[in-house]
Amino acid sequence: MPAIKFRGVDFLEFDALLSDDERLVRDTTRKFIEENLVPIIEECNRAGRFPRELVQPMAELGYFGASLKGYGCAGMSNVEYGLVMQELERGDSGVRSFVSVQSALVMYPIYAFGSEEQKSLWLPALQKGEKLGCFGLTEPDFGSNPGGMRTRARKVDKRYVLNGEKMWITSGSIADVAIIWAKVEDENDKVRGFIVETDRPGFKADDVHGKWSLRASVTSGLSLQDVHVPECNLLPASSGLRSPLMCLNQARYGIAWGGVGAAMACYDCALQYSLLRKQFRDQPIASHQLVQEKLAWMITEITKAQLLVLQVGRLKDADKVEHQHISMAKRNNVWMALECARMARDILGANGIADDYPIMRHLMNLESVKTYEGTHDIHTLILGSSVTGIDAF
Amino acid sequence: MKILVCMKQVPQKDAPLELNETGTWIREDVSYEVNEPDAYALEEALRQKEKHGGEVVVITAGPARAAQVLREALAKGADRAIHLEDHAFVGLDPFNTAQAFFAAIKDEKFDLIFTGLQSDDYGYAQTGVILAELLGWPHATIIMQIEKSDSGIRVKRELEAGYFQFVDIPLPAVLTIQSGINKLRYATLIGIKQAKNKPLRKVIMPEVQSAIGGNLQKIERLYVPQKAKNTEIIEGPPGEVAKKLVDKLRNEVRVL
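Read top to bottom, the protein sequences are chains U and P.
Residues 1 to 393 (the numbering used here) make up the first sequence, in order.
Residues 1 to 256 (the numbering used here) make up the second sequence, in order.
Note that these hints are calculated values from the structure, not bench results.
Among these hints, one or two may not hold up.
As the list claims (entries may be wrong) - In silico DMTMM-like pairs for lysine to aspartate or glutamate, Cα to Cα no more than 25 Å straight-line:
1) P/K148 x U/D20
2) U/K31 x P/D120
3) P/K229 x U/D282
4) P/K196 x U/D20
5) P/K13 x U/E34
6) P/K51 x U/D391
7) P/K193 x U/E60
8) P/K193 x U/D317
9) P/K202 x U/E60
10) P/K193 x U/D15
11) U/K278 x P/D14
12) P/K193 x U/D282
13) P/K198 x U/D21
14) P/K183 x U/D317
15) U/K5 x P/E33
16) P/K51 x U/E60
Said to hold, decoys possible - If you want the footprint, here are the derived chain U segments under chain P, 3+ residues with CB under 8 Å:
17) 23 to 32
18) 141 to 147
19) 245 to 251
Yeah, the Cβ is synthetic: ideal placement off N, Cα and C, and Gly gets one too.
Could you build all of it, start to finish, from the sequences and the hints given here?
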């Protein structure tokens, strides 16, 4: 079977909805991923290795904090940023996760809630990839319900003392800086964000081993034991749980585009495979009705997902997007991507489980993507709450 | 150094091609990309500018879609662009294309003009050479390296069988650049953003019409090669069959 090269997916003249610049952003990123990530990703996935060598090139292309303005950031529109996410995840969800965390969960909160000093200190270094970041919200016992977090910040003189455990933290052990969310005891347990340099005494990061998903990105647990930070490390404009949820909204938006990318990779691979693979009377399996049904389902869902996330992006660019819109896009697009990966795996038969093809890696990655940044079910409840006005959680 | 880079938009290398209705060219609804040697020519121009300062201008001739080539070049670092925008440039012969470029740049003073060695679609490798002739400038082809020298430039040409030739050329000059001379850069996101504010001059057909004559190239018919398979059974006594077989292998198939 000859090597299968990604050709892009555009059934409904989706490209006609994009501007020339948006297409250029997409095509450039696609080329970068094809030439730099695709050749090494299966090896990274096998070895459970984060391709750190791509941090510098990605920084130079402007992928970190791409939608932020100033501080060396590219100032891309939300649709352009989304197309970058799509192409990164076409390569690998783990690499896209790394960029999402650096951009939406580390740079964004500093940008949105930070002081001018914090911004000028951290944003240029994070943009250039000289510093890497992680985001500490989830705890071992608090995932979907972050409001229950146990991490506490106590004010002592002009310092805060942080104590707690964070879990499932992307880039935890490679980060130079962590955005830690904690309840501040002197402020009636209000959740606030802190910039915590990871070399401070009492800060520890240990990697999660035995992951069957997102193997090309680092996942860690963080432990903070009496970690002292100066009070200027508090993100001054962070206020309550709403602040980390605003960050998650940024990241979820990117994930909704990423889902399209992973689904495209699986669909295009399965389509090409089905035309080459022959069974029964020397006919390609693409001529079989049951295979065609799968391909038809996939291309329909991918096309719907493209239109959905593009509209969410256009709303976001017009400053009209609401969190339930992003929930709909994240929930739908990751679900459909996972279903596409499973169908593509079926079409590839036994070949679908080997890493000669990208399918099984995407499938396993997407199991995480379906769960993180608001599980599929939690987004269902957000949509339910939005249309009924009644919270079911 | 002020460098002009002539670029062309061509069908993507791995695009599935279909013949048009008249069977004289391919259907236009394929994906397009920058002609590969032209991308190397642009990269070399940007590197020369980074070393010696100056300006990089890009030019293309083609319909509206060809502007994508220029936008990408501007995003990679070219300073400004010239677009000879007309569908008539699709399939125009190299002589007339060079004439049109010549007419469009007559008021400019370049030190160097680069083209890719040849185009991925027609592959004449002539436009740059003819342009040099029209300008009355020296030219060199298949360039693998460019160094500035006291009297102009010293270039390395790729010859056959692994041989290279070094040539000293005075400026101004035209060079046709070989793929692989350097490593291509990607357009950065900031570059794409900045490209929007860079000048792009559109040249319409009437401005260069007088320089162009009738198209010297006409494609009569384009077709997919027919695969033919003939089976012939040679009958008769073994000795004769062997004799005939040897004769066929020697004189018809010519493998003996």
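Checklist entry - Is P/K202 close enough to U/E60, meaning Cα to Cα at most 25 Å? => result Not satisfied, since the Cα-Cα distance of roughly 31 Å exceeds 25 Å.
Checklist entry - Do three or more residues of the segment 245 to 251 of chain U come closer than 8 Å to chain P, measuring C-beta to C-beta? => result Per the Cβ count (0), the hint is violated.
Checklist entry - Does the structure keep P/K193 and U/E60 at a Cα separation of 25 Å or less? => result holds, 14 Å
Checklist entry - Under the criterion that the straight-line Cα-Cα distance not exceed 25 Å, is the pair P/K196, U/D20 satisfied? => result holds, 10 Å
Item to check | Restraint check for P/K51 with U/E60, where alpha carbons must lie at most 25 Å apart | outcome: With a Cα-Cα distance of about 20 Å, the restraint between P/K51 and U/E60 holds, given a limit of 25 Å.
Checklist entry - CA of U/K278 to CA of P/D14, is that 25 Å or under? => result Holds - the C-alpha atoms of P/D14 and U/K278 are around 23 Å apart, at most 25 Å.
Item to check | Satisfaction of hint between P/D120 and U/K31, Cα-Cα up to 25 Å | outcome: holds, 19 Å
Next on the checklist: For P/K148 and U/D20, compute the direct alpha-carbon distance and say whether it is at most 25 Å.
Outcome noted: violated, 37 Å
Item to check | Assertion that chain P covers the segment 23 to 32 of chain U - criterion: three or more residues, beta-carbon distance below 8 Å | outcome: holds (count 6)
Item to check | Given hint U/D317 paired with P/K183 - CA-CA distance at most 25 Å | outcome: violated, 35 Å
Checklist entry - Keeping to a limit of 25 Å between CA atoms, is the pair of P/K193 and U/D15 held or broken? => result holds, 19 Å
Next on the checklist: For U/K5 and P/E33, compute the direct alpha-carbon distance and say whether it is at most 25 Å.
Outcome noted: Cα-Cα ~17 Å, so holds.
Taken one by one, the earlier hints fail for this structure at numbers 1, 6, 9, 12, 14, 18 and 19, listed in ascending order.
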